[in-house]
Amino acid sequence: MIEQIIFYSLSLVAVGSALGVVLHRNAVHSSLFLGLSLAAVAGLYALLGADFLFGAQIMVYVSGIAVLVMFVVMLLGRASDLHLRQVNERWPWALLVCAVAAVGMLKIVGLFAAKTAQTSGYPATHAIGRLMLGEWLLPFEMISLVLLAALFGAVFFTRAENAQ
Amino acid sequence: MTLAHYMGVAAALFLIGIFGALTRRNIIGILMSIELMFNAANINLAAFNRFLHPVGVTGQTLALFVITVAAAEIVVGLALLLAIYRGTNTVYAEDYNLLKG
Amino acid sequence: MIEYAYLVALIPFAASLIMLFAAKEDPHSPAPWIGIVAMAVCLGLSLSILSAVASGSVDLPVEKNWDWFSFAASVDGKPFFHGMKVGTLIDGPAALLMVVVTLVSLMVQIYSIAYMHGDKRFKRYFAFVSFFTASMLGLVISSNLLVAFMSWELMGLASYLLIGFWFEKDGPCEAQKKAFMTTKLGDSGLYLALLFIFAKVGSFQLSQIKQFYAMGYMPAGAAVVIAIGLLFGAMGKSAQAPLFVWLPDAMEGPTPGSALIHAATMVAAGIFLVARTFFVFQAAPVVMDAAAWIGCATAFLAASMALVSYDIKRVLAFSTISQLGFMMCALGVGGYTAGLFHLTTHAFFKALLFLAAGSVIHSVHTNDMRLMGGLSRKMPVTFVTMFLATCAIAGVPYLSGAYSKDMILANVWTRNPAMFWIMLTTACMTAFYMFRLVFLTFTGADRDHEKHHHAHESPFLMTGPLVLLAFLSLVSGYVLSRNGLIHALLPKPALSAVTATPSTSHAEHAAAAPAAAHPEHQAAAAAPSHEIASASRHHGESHDGHLPGWLHYLLMAAIAGSILLSYMFYKGPDYALALAFKSNLSPLFTLLDRRWFFDDAFDALVKFCDRVAALAFWIDSNVVDRIFVDGWGLLMRIVSEISNVLDALLVDRTVDRFGGVTVGSGVLLRSLVEDGQIQEYLLYVAIAFSLAATLILIY
Chain A
-7 MIEQIIFYSL SLVAVGSALG VVLHRNAVHS SLFLGLSLAA VAGLYALLGA
43 DFLFGAQIMV YVSGIAVLVM FVVMLLGRAS DLHLRQVNER WPWALLVCAV
93 AAVGMLKIVG LFAAKTAQTS GYPATHAIGR LMLGEWLLPF EMISLVLLAA
143 LFGAVFFTRA ENAQ
Chain B
31 MTLAHYMGVA AALFLIGIFG ALTRRNIIGI LMSIELMFNA ANINLAAFNR
81 FLHPVGVTGQ TLALFVITVA AAEIVVGLAL LLAIYRGTNT VYAEDYNLLK
131 G
Chain C
-1 MIEYAYLVAL IPFAASLIML FAAKEDPHSP APWIGIVAMA VCLGLSLSIL
49 SAVASGSVDL PVEKNWDWFS FAASVDGKPF FHGMKVGTLI DGPAALLMVV
99 VTLVSLMVQI YSIAYMHGDK RFKRYFAFVS FFTASMLGLV ISSNLLVAFM
149 SWELMGLASY LLIGFWFEKD GPCEAQKKAF MTTKLGDSGL YLALLFIFAK
199 VGSFQLSQIK QFYAMGYMPA GAAVVIAIGL LFGAMGKSAQ APLFVWLPDA
249 MEGPTPGSAL IHAATMVAAG IFLVARTFFV FQAAPVVMDA AAWIGCATAF
299 LAASMALVSY DIKRVLAFST ISQLGFMMCA LGVGGYTAGL FHLTTHAFFK
349 ALLFLAAGSV IHSVHTNDMR LMGGLSRKMP VTFVTMFLAT CAIAGVPYLS
399 GAYSKDMILA NVWTRNPAMF WIMLTTACMT AFYMFRLVFL TFTGADRDHE
449 KHHHAHESPF LMTGPLVLLA FLSLVSGYVL SRNGLIHALL PKPALSAVTA
499 TPSTSHAEHA AAAPAAAHPE HQAAAAAPSH EIASASRHHG ESHDGHLPGW
549 LHYLLMAAIA GSILLSYMFY KGPDYALALA FKSNLSPLFT LLDRRWFFDD
599 AFDALVKFCD RVAALAFWID SNVVDRIFVD GWGLLMRIVS EISNVLDALL
649 VDRTVDRFGG VTVGSGVLLR SLVEDGQIQE YLLYVAIAFS LAATLILIY
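Chains as they are written, first to last, in our numbering: chain A, -7 to 156; chain B, 31 to 131; chain C, -1 to 697.
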């Protein structure tokens, strides 16, 4: 019972703030809504029993990515833009796409309507650590390379043209 | 809660993300919508791990990877955006028509 | 010694090679003695073989073969292995002719040492003579028609080389070409015959071909073709009409060469070939009759041409042709022994005549008898020997020529009286013109004082052979016909079987007669040591080769009369009577002088062929080349032009259209999308993907 209430409220927050992200005129508001949505998703993770994922989501997404996005929005945003329409004229087509995709998705979702959790969640941190450094060592290292590349890219692209 | 619930939530987030990616004028808006899509996928992964493969943490680990990649991607994307902004002084997608021809 | 018969052909060949390559060219070279010694050795060998054959101590024929090459062929679809051989076949005719050839060649070579003295190609002459003798002997002893043919052709080559020995002058060059071409024309027939023989019999070995005929396997048509081919070859080499035109011109060569080749031996090769392959002719009686008539015509025509000739060698050349006609006629009427007998005696006295004529020419430095006369005092030996030879050729009794000529006439009489009268006339003409030659050259007063003054008798090297040959001309006839020796040496081949379809009466006649004599003849052939009596059983040889009494006397009277006539015409220094005749009968004289226009006929034929060839060439270059070659090229160009145009119009346009379609569709699609709008692109991707995914997921 409690679980259902928590679930529904969290999902409501998540979906609602997602709508806020994509519909709001104000870019800053959008980014804030994004942070909220991400946090709600973290709550869903916790509900699922993925404790480490819950923590990682908060730390990386909410306090990292969402904050970053906010920074950039404020950096690049102009006060004059705040009242401009942010949704372009192709939104009926996009709606159509979503509708079509929704049909397919709902069908798949319907397949799992009877699936319930068999076991309760358990702390996964230890297991994740084992997996990362054991069987999935290579992807783990690759991911570090990816992050390195992203760092390089970020530094490179945002470098001021000092050389000229 | 059945798996379908979680999948439904993920689906809704995903669709909203698609809508946003296709309709937002602001580049940052597009990037944010992409983040939403990533999260939807992550929810699905975690849910599958819990409901379908309770033994092991494969789904969660993969979701972790996804988070990492998403972080890297948005960093690069924002960096690119900054670079383009320096050149064109605008953040709206319809102004980025250099592919025209 | 008979098993070494092959040496007789090889020794002169080796000698000629040695002389040609090892000796230096020198007008006084001692190299010719190599050839002479070689020839003497061969003569000794041939005499021993002849004595062995004549004594009957050998089982004839003696055949010895070596394997030459072999090849596989298919006969009637079945594989068959042909083994070609080289070898010798010694029987009576071969043994006799070996002696004749080697003896005459030896005499000629000894004579030539003096005659060709100082010539700048002295040594080469002897090499050629030895080479010729080797190839003639190769023909004589060969057991194999293929090798015989090769020797035949080599003889043609030697003849060519010797006729054109003094090739700086035009006359010899033209003459050598004419000789080669004319004999080659005859050789084409011989080649055809050889092809047919091999196709039918599968072998070139004479003994096997003979067996083939004896068993009657040869179909009549092929037999006739083969016989005609062989006859044609013989006509070419032995100067029968109409292929005799080369022989008078061949006198351009050195006289001893003419003596050897164009008098005694090579021209006898055709006769010898006919005799060797007599069974072929016996199987095709039509051709044998044709041969007889050809011989008869040749004898008569040649004798007529000799009547009006003033060149001493030309007279002798015509005389040779005429005597060859006698021989061919003899063979044609079935007088095998007579023909070969005459060949032998003719070789001796004709060689003597030529050598004596050479002696005269060497002495007075001219061939023209009108510039000679009264040389009997200046050149007694030459005169006497030549006189004897003339008597022999005329048929004066008890000389060699008389025996052989009598035998021939006897055979002709029994077969065909009309032919006999023509031959009798020819014999009279022979006597007439031969004595004319002697009278003009040796008797009466000299017509050219300068030449007469410088005339002298020839050296011993020249007169020696003359004397020897004169001796042989005197006695050979008597010796050979004594005790039927000639019949023992030259037995007529028995006709064991005719062709598959016997036809004419001649065949039956010839078959019936030997059929009766067959058992005796077989015995005779198997044991050559037979008695004289068997000679009388040679039917078709007609009464031991003698004329009936009254005819014999008629012949002698006719010959005597001819000689007398000749004496009357030509005894004086100016032969006024002859000249009067000539002016009265000038058309006849022209006919004879122009050699019955045979030369002109051949010339016209050659010109005609030339025109035909020119026409063919014109057609080829203008019509065929223009239409087929150039036209084809033009057609190809047109086709390629059309193809090019089609390609440009159709194919290229189509290709361009496709490209245009692609570009157009691309442009069209692009026009749907607003340029440069990334989200627009993304939208389309999303639409497509969602549709596809949904459809897949649902279905």
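The set of hints was computed from the structure by calculation and includes no laboratory data. Beta carbons: idealized from backbone N, C-alpha and C, even for Gly. Treat the hints with caution; some may be incorrect.
[Said to hold, decoys possible] Across the chosen pairs, the derived CB separations fall in these ranges:
hint, chain 1, residue 1, chain 2, residue 2, range
1, B, G86, C, R668, 48 to 54 Å
2, B, G86, A, E(-5), 21 to 27 Å
3, A, L98, C, G658, 17 to 23 Å
4, C, G657, B, G86, 55 to 61 Å
5, C, G664, A, A152, 38 to 44 Å
6, A, A152, C, T652, 41 to 47 Å
7, A, E(-5), C, I696, 41 to 47 Å
8, B, G86, A, G47, 34 to 40 Å
9, C, I696, A, L76, 37 to 43 Å
10, A, L130, C, V649, 54 to 60 Å
So which hints don't hold here, by number, going up? 3, 6, 7, 8
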